[in-house]
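There are 2 protein chains.
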Amino acid sequence: MTTQELVAQIRTKKSFLVVGLDTDLEKIPSHLLKEEDPIFAFNKAIIDATHDLCVGYKPNIAFYEAYGITGWKSLEKTINYLNEHYPEQFTIADAKRGDIGNTSTRYAKAFFESLNFDSVTIAPYMGRDSVEPFLAFEDKHTIVLALTSNQGAFDFQTQLIDGSELYKKVLETSKTYTNSDRLMYVVGATKAEYLTDIRAIIPDAFLLVPGVGAQGGSLEEVCTYGMTKDVGLLVNSSRGIIYKSQDEDFAEASRDAAKAMQQAMQRILEDRS
Amino acid sequence: MTTQELVAQIRTKKSFLVVGLDTDLEKIPSHLLKEEDPIFAFNKAIIDATHDLCVGYKPNIAFYEAYGITGWKSLEKTINYLNEHYPEQFTIADAKRGDIGNTSTRYAKAFFESLNFDSVTIAPYMGRDSVEPFLAFEDKHTIVLALTSNQGAFDFQTQLIDGSELYKKVLETSKTYTNSDRLMYVVGATKAEYLTDIRAIIPDAFLLVPGVGAQGGSLEEVCTYGMTKDVGLLVNSSRGIIYKSQDEDFAEASRDAAKAMQQAMQRILEDRS
Numbered sequence: 011m012t013t014q015e016l017v018a019q020i021r022t023k024k025s026f027l028v029v030g031l032d033t034d035l036e037k038i039p040s041h042l043l044k045e046e047d048p049i050f051a052f053n054k055a056i057i058d059a060t061h062d063l064c065v066g067y068k069p070n071i072a073f074y075e076a077y078g079i080t081g082w083k084s085l086e087k088t089i090n091y092l093n094e095h096y097p098e099q100f101t102i103a104d105a106k107r108g109d110i111g112n113t114s115t116r117y118a119k120a121f122f123e124s125l126n127f128d129s130v131t132i133a134p135y136m137g138r139d140s141v142e143p144f145l146a147f148e149d150k151h152t153i154v155l156a157l158t159s160n161q162g163a164f165d166f167q168t169q170l171i172d173g174s175e176l177y178k179k180v181l182e183t184s185k186t187y188t189n190s191d192r193l194m195y196v197v198g199a200t201k202a203e204y205l206t207d208i209r210a211i212i213p214d215a216f217l218l219v220p221g222v223g224a225q226g227g228s229l230e231e232v233c234t235y236g237m238t239k240d241v242g243l244l245v246n247s248s249r250g251i252i253y254k255s256q257d258e259d260f261a262e263a264s265r266d267a268a269k270a271m272q273q274a275m276q277r278i279l280e281d282r283s
Numbered sequence: 011m012t013t014q015e016l017v018a019q020i021r022t023k024k025s026f027l028v029v030g031l032d033t034d035l036e037k038i039p040s041h042l043l044k045e046e047d048p049i050f051a052f053n054k055a056i057i058d059a060t061h062d063l064c065v066g067y068k069p070n071i072a073f074y075e076a077y078g079i080t081g082w083k084s085l086e087k088t089i090n091y092l093n094e095h096y097p098e099q100f101t102i103a104d105a106k107r108g109d110i111g112n113t114s115t116r117y118a119k120a121f122f123e124s125l126n127f128d129s130v131t132i133a134p135y136m137g138r139d140s141v142e143p144f145l146a147f148e149d150k151h152t153i154v155l156a157l158t159s160n161q162g163a164f165d166f167q168t169q170l171i172d173g174s175e176l177y178k179k180v181l182e183t184s185k186t187y188t189n190s191d192r193l194m195y196v197v198g199a200t201k202a203e204y205l206t207d208i209r210a211i212i213p214d215a216f217l218l219v220p221g222v223g224a225q226g227g228s229l230e231e232v233c234t235y236g237m238t239k240d241v242g243l244l245v246n247s248s249r250g251i252i253y254k255s256q257d258e259d260f261a262e263a264s265r266d267a268a269k270a271m272q273q274a275m276q277r278i279l280e281d282r283s
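In order, the protein sequence lines correspond to chains A and B.
When the first sequence is numbered by my numbering, its final residue is 283 and no position is left out of the sequence of numbers.
When the second sequence is numbered by my numbering, its final residue is 283 and no position is left out of the sequence of numbers.
Hints are not guaranteed to be accurate.
You can't tell identical chains apart in this list, so a pair holds if it fits in one copy or across any two.
[Unchecked claim] Straight line, CA to CA, 30 Å or less: simulated DSBU-like cross-link-like pairs of lysine-lysine:
{"no.": "1", "residue 1": "Lys119", "residue 2": "Lys44"}
{"no.": "2", "residue 1": "Lys119", "residue 2": "Lys254"}
{"no.": "3", "residue 1": "Lys239", "residue 2": "Lys269"}
{"no.": "4", "residue 1": "Lys239", "residue 2": "Lys23"}
In case anyone wonders, no lab produced these hints; they're calculated from the structure.
Just chain A, with the same shape it has in the complex (with noise of 0.2 Å):
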């Protein structure tokens, strides 16, 4: 998908929600543990119930990795439904891989050609070599985790290299990279008020925002440091939205939840405008 599908489409929805699927067989509605593949069942019916609201998905590897075989057969199979259903949504395998060329290149092809996906979150610690794979990938997105909502996010993010923070060092050589048209960036919501120092680095890249809701982040902030003229930002929620009911009523519940985020978006982007 290019960038300008993905803001033509957040136009039209006025929408830049993208739905978390942190699957865990542990939370989902027990009535479903009688289907043949709990875990897809459900990601199906949060999708049917949101897909008009939101403009992309974004599976955490880990909850699919967690069950083995099994796992990664219902992250297929998510995938291919999302891809063949509902071909204009933006999909994000949130992986937080990376590795040196050859293997990351390998990532790269499960998560781009074998599974399809638009997009994969990758962890910049090893440097240019180890993104750079990603970025050969046409109509591919690569989102480099910048500065995440999590408390770790001192240890390292936050130190200063020159006067200047890691995450912006992140940011500022990352531009110097072969198709660093191609990246995004994980910003976290819980750290809004960097995001102006961040928009000074990367005027124009889109942000992946989580953090927004459970973790306490605010979309309101994240739009006022964040929002670009192409709006710039995909906002996720997970548990907020997928977990708002245990019983048969779970996808209107989800569905609730996203037309919630959506219409406070809507009203951001009509303030803008």
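Knowing the structure of chain A, use the given hints to seat chain B on it.
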């Protein structure tokens, strides 16, 4: 596996070699491609031919993930084969994972419980709450990327924070994590000159050292600067061992290469005893 058991194995075998199972269908002997599971057939032959010369095996997960469910099945068969037939081997899931709290626990369960690996490699960028979930598992080891063997290591890892490189900050900070005695670290053999500084910070922790051979690192230098009284080193070789021949004799060829490494290690261990 306890560290004491690992050290005992090193002393018995006079080897601290880890064989990297970076198994690639394009590189294995073509006669194996007619097997039901060529990746497992290759791994099994390599393991059977080398197990008495090495103390561990390290599948790089990217190589398996690239083949989707098929690859995941080959990985599962490989680790099960190791645990059943060679339980003394120290097994390393080279996954370079890392995510926030609950999600890291998912990855930890995938590798430590479902697959029953002894250890897993982890990227440190997200900090304490991304690493500690792995450290919660008793008799399991978490191998944090410190200073990697690739060129991209200079992008961030060697950048100065308060006059000290980021990788040193990673070493220092990780020592404060709960259950830090379960930590090991990745240090590339191509950067052996850094090992004196590294040993000043972590005098006893085991280091997983890639990059000897194919990438140009020197076994002698790594041992001179990195060895501890309990050896404290696991030197990995992948391509330099497993792809020595593409013919029917590939397993014997891998044994010859592993034997050469083991003998070099034995000489070093005897010189120092």
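TODO: Have a look at Lys119 and Lys254 and pick one of within, between, both or neither, based on CA distance no larger than 30 Å.
DONE: between (35 Å within a copy, 26 Å between copies)
Open item on the list: Reference check for the pair Lys119 and Lys44, CA-CA at most 30 Å: within, between, both, or neither?
Closed with: Answer is between: at 24 Å across copies they meet the 30 Å cutoff, but 34 Å inside does not.
- [ ] Classify it for me, Lys239 with Lys269: is the Cα-Cα distance of at most 30 Å met within a copy, between copies, both or neither?
- [x] within (23 Å within a copy, 62 Å between copies)
Open item on the list: Regarding Lys239 and Lys23, is the shortest C-alpha distance of 30 Å or less found within a copy, between copies, in both, or in neither?
Closed with: This pair counts as within: shortest intra-copy Cα distance 16 Å, inter-copy 64 Å.
Of the hints listed earlier, there is not a single one the structure fails to meet.
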